[in-house]
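Peer 1: Below are the chains, spelled out letter by letter.
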Amino acid sequence: MNSLSQISAITMMNLHNLPARIGSSLVIVVGIAGVVAVLVAILSMAKGFEATLQGSGSPDRAIVLRGGSTSEMASSLSSQQTNLISTKPGILNTDKGLLAAKETYVIADIRKRANNSPANMPMRGVDQNSFEIREEVEIVEGRNIEFGRFELIAGIKAADQFQGIDLGSELNIRGAAWKVVGLFEAGGGIYESEVWVDNVVLRQNLKRGGGSNSLFVKLESPADFDVFEQALQDDPQLETNVLRESTYYAAQSVSTTAMITNFGYAVGIIMAIGAIFAALNTMYSAVSARSVEIATLRALGFGQVPIVISVMVEALALAMIGGLIGATLAYLLFNGYTASTWGGTFSQVSFDFAVTPELLTRGITWSCLLGLIGGLFPSITAARQPITVALRGM
Amino acid sequence: MSDTLIEVSNVSKIYQRGKMDVPVLESLNLTVDQGDFLALMGPSGSGKTTLLNLIGGLDVPTSGSIRIGSENIDQLSQGQLATWRSRNVGFVFQFYNLLPVLTASKNVELPLLLTGLSGKERKKRAQAALSVVGLEDRANHRPAELSGGQEQRVAIARAIVSDPELLVCDEPTGDLDRTTADEILELIQLLNKDYGKTVLMVTHDPKAADHASHSLHLDKGRLIEAQPA
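Chains A and B, in that order, give the protein sequences.
The first sequence: position 137 = 137 (our numbering), numbered continuously.
Take the position in the second sequence, starting the count at 1, then add 394; the result is the number in our numbering.
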């Protein structure tokens with residue numbers, strides 16, 4: 001009770017004093033707001049990238065690659081192999097037959113709309129089952145491709161990012177003119193960064209013959225993955241690497257997400273060190289300006305611990321205000337902002353920054369830590385200064 | 395015969411400036427009776443404020459002992475000393491040392507925050523202390539809205555609000571004009587005579603010392619004479 005009264009009295013005094021020290025107090029607020037805004041913004045980039053890739057996968061879909069391959073680009077399956085794989089148990093059988101799709105994945109040179117810089121656009125050769133397997137794919141403008149023709153549909157993010165992807169226009173890719181006939185959405189996932197064409201036409205154009213890079217299958221249920229995987233392993237004619245689609249894309253996101261996250265923390269830590277020095281400077285000034293007041297309170301009988309705590313509460317309050325401003329700025333400026341970067345296959349992946357509640361909490365937690373560190377040493381100095389010295393205003 | 399309230403025995407105080415020892419008080423002995431009003435005089439650097447700080451528990455002696463009432467305060471820890479000060483000593487400073495963001499009433503209430511009194515009771519006692527110093531109508535004014543004399547009255551109200559036995563006044567009129575200084579000194583005299591407070595006052599001003607019942611002179615850390623006022 002006694003200590004609480006003391007802490008409350010001194011803290012109120014400190015906080016009432018703030019308007020008189022608005023300039024120096026803003027140093028803490030602005031410094032920490034900057035740290036939190038940058039940290040949350042960079043981490044939201046990693047979070048958005050991760051969400052895009054992980055959101056692309058479904059546990060009841062599997063991707064089959066050549067044995068030893070970890071990405072579609074590095075994989076190749078013959079028609080004989082894909083036909084054999086398509087007969088394995090676990091694949092969903094509908095009135096349209098077994099849901100397996102032979103797909104080819106290549107990258108195409110193109111330029112970005114934003115700055116005319118060169119980019120690698122992911123181009124996927126699909127077959128009719130590709131649309132049955134990926135129920136989230138929906139044509140939102142124009143129409144679907146007619147198989148057997150040089151037609152192309154583009155994910156909305158690809159259309160947004162790359163030059164020349166306009167309905168009705170023709171894109172010259174690898175010596176062929178592809179007509180853009182439609183735009184599609186895919187639940188916000190990675191497929192929205194791709195353009196899709198007929199797999200057969202694409203392979204003919206690339207002179208790759210039959211076959212594909214990968215075989216996508218829809219399973220009867222997520223639990224049937226084990227059955228399917230076992231069947232492939234048991235077949236001596238096949239040497240494949242089979243993954244759940246969700247696992248495949250999660251693995252694709254790991255290195256890039258880790259790189260962005262590490263970069264975010266590195267930048268955050270460097271800025272935080274600057275902010276801590278600013279906070280220390282401000283709090284030392286604040287404590288110095290009130291050294292006589294603090295000494296008077298101690299002369300009256302107020303303890304050292306309440307003084308330490310009250311100074312830290314002030315630093316914490318300023319830091320939290322900075323943290324809230326920084327987090328709010330990051331949310332307003334970056335949440336939903338679309339950017340693109342290289343994915344796991346050196347192709348351009350478009351994604352939205354995701355300023356999640358978890359990131360906001362993390363940013364505000366950082367601000368509190370910075371405030372506590374910035375307030376700790378000045379508060380100890382304030383409490384330990386000899387009363388008789390401080391009363392003289394020295 | 396009066397009871398002794400303050401007993402300073404063989405007290406020395408040495409400050410350290412870098413590697414140098416600077417003696418301020420040397421083997422000083424002093425007794426003050428309960429109810430006394432003692433003025434400590436002497437030139438700057440004579441050690442009078444240091445002695446006042448030691449008796450008020452703001453500092454600790456390098457050697458020797460200080461007994462106030464039944465408490466040997468040189469034996470107390472910093473925390474115990476803070477508690478002791480809050481219960482037994484009222485401080486009046488030359489520059490009042492009021493907290494500028496608080497009203498007169500809230501400034502006076504400050505020492506009561508260290509007690510278990512309710513907010514209502516604290517306010518009542520603060521109001522009573524302000525009436526003793528004649529400022530009950532200025533309770534809601536902030537220090538910047540008061541004259542120097544009024545500020546010192548608020549500081550005196552703060553010093554007496556928890557009813558300590560001992561008032562320690564460091565140049566209480568040093569920042570005031572003659573007329574106001576006399577009013578403050580009369581108030582301190584009143585607290586001594588009518589309220590039974592033992593008063594220790596450091597001053598350079600012989601006229602201020604005239605209000606005390608005794609004066610002691612210090613020079614170079616030693617008591618050099620004692621004379622009745």
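FYI, nobody ran anything at the bench for these hints, they're computed from the structure.
Keep in mind that a hint or two might mislead.
[What the hints assert, rightly or not] Using 25 Å as the maximum straight-line C-alpha spacing, the simulated SDA-like pairs for lysine to any residue come out as follows: (1) Lys601(B) to Arg572(B); (2) Lys518(B) to Met12(A); (3) Lys614(B) to Met12(A); (4) Lys514(B) to Arg392(A); (5) Lys514(B) to Val27(A); (6) Lys517(B) to Arg392(A); (7) Lys413(B) to Met12(A); (8) Lys518(B) to Ser5(A); (9) Lys514(B) to Ile7(A); (10) Lys518(B) to Arg362(A).
[Stated by the list, open to error] If you only want the chain B side, here are some residues facing chain A, beta carbon under 8 Å, derived: (11) Ser438; (12) Asn491; (13) Leu504.
[Claimed, not checked] Okay, the calculated beta carbon distance ranges per label pair: (14) Lys601(B) to Pro19(A): 20 to 30 Å; (15) Lys514(B) to Ala266(A): 53 to 63 Å; (16) Ser457(B) to Leu15(A): 37 to 47 Å; (17) Ser457(B) to Ala266(A): 22 to 32 Å.
None of these values were measured; they are calculated from a predicted model.
The beta carbon of each residue, even a glycine, is placed where N, CA and C say it ideally should be.
Peer 1: Take the hints in turn and mark each one as holding or not.
Peer 2: Do the hints match the structure? See the list:
Between Lys601(B) and Arg572(B) the CA atoms are separated by roughly 9 Å; this keeps the pair inside 25 Å, and the hint holds. Of the pairs offered as hints, the one joining Lys518(B) and Met12(A) holds, with about 21 Å between alpha carbons and a cut-off of 25 Å not exceeded. About 43 Å separates the Cα atoms of Lys614(B) and Met12(A), which puts this hinted pair outside 25 Å; it is violated. Note on Lys514(B) and Arg392(A): the hinted pairing is violated, with a Cα-Cα distance of about 34 Å set against a maximum of 25 Å.
With a C-alpha separation of about 39 Å, the suggested pairing of Lys514(B) with Val27(A) is violated against the 25 Å cut-off. As the CA atoms of Lys517(B) and Arg392(A) are separated by approximately 30 Å, the hinted pair breaks the 25 Å bound. Our distance criterion of 25 Å between C-alpha atoms is broken by Lys413(B) and Met12(A), whose separation comes to about 41 Å. Distance restraint check for Lys518(B) and Ser5(A): the Cα-Cα separation of roughly 18 Å lies within the 25 Å cut-off, and the hinted pair is therefore satisfied.
This hinted pair checks out: Lys514(B) and Ile7(A) have alpha carbons roughly 19 Å apart, not beyond 25 Å. Between the alpha carbons of Lys518(B) and Arg362(A) the distance comes to roughly 47 Å, so the proposed pair goes past 25 Å and is violated. Of the supplied interface hints, the one on Ser438(B) is violated, with its beta-carbon coming no nearer than about 13 Å to a beta-carbon of chain A, more than 8 Å. Checking Asn491(B) against chain A by beta carbon gives a least distance of about 4 Å; that is within 8 Å, so the hint holds.
A cut of 8 Å between beta carbons decides the hint on Leu504(B): the least distance to chain A is about 6 Å, and the hint holds. Between Lys601(B) and Pro19(A) the CB atoms are about 42 Å apart, so this pair departs from the stated range of 20 to 30 Å. Range check, Lys514(B) to Ala266(A): Cβ separation about 56 Å, and the 53 to 63 Å hint holds. For Ser457(B) and Leu15(A), the Cβ-Cβ distance of about 43 Å falls inside the hinted range of 37 to 47 Å, so the restraint holds.
The hinted window of 22 to 32 Å between Ser457(B) and Ala266(A) is violated, with their beta carbons roughly 57 Å apart.
Hints 3, 4, 5, 6, 7, 10, 11, 14, 17, counting from the list given before, are not met by this structure.
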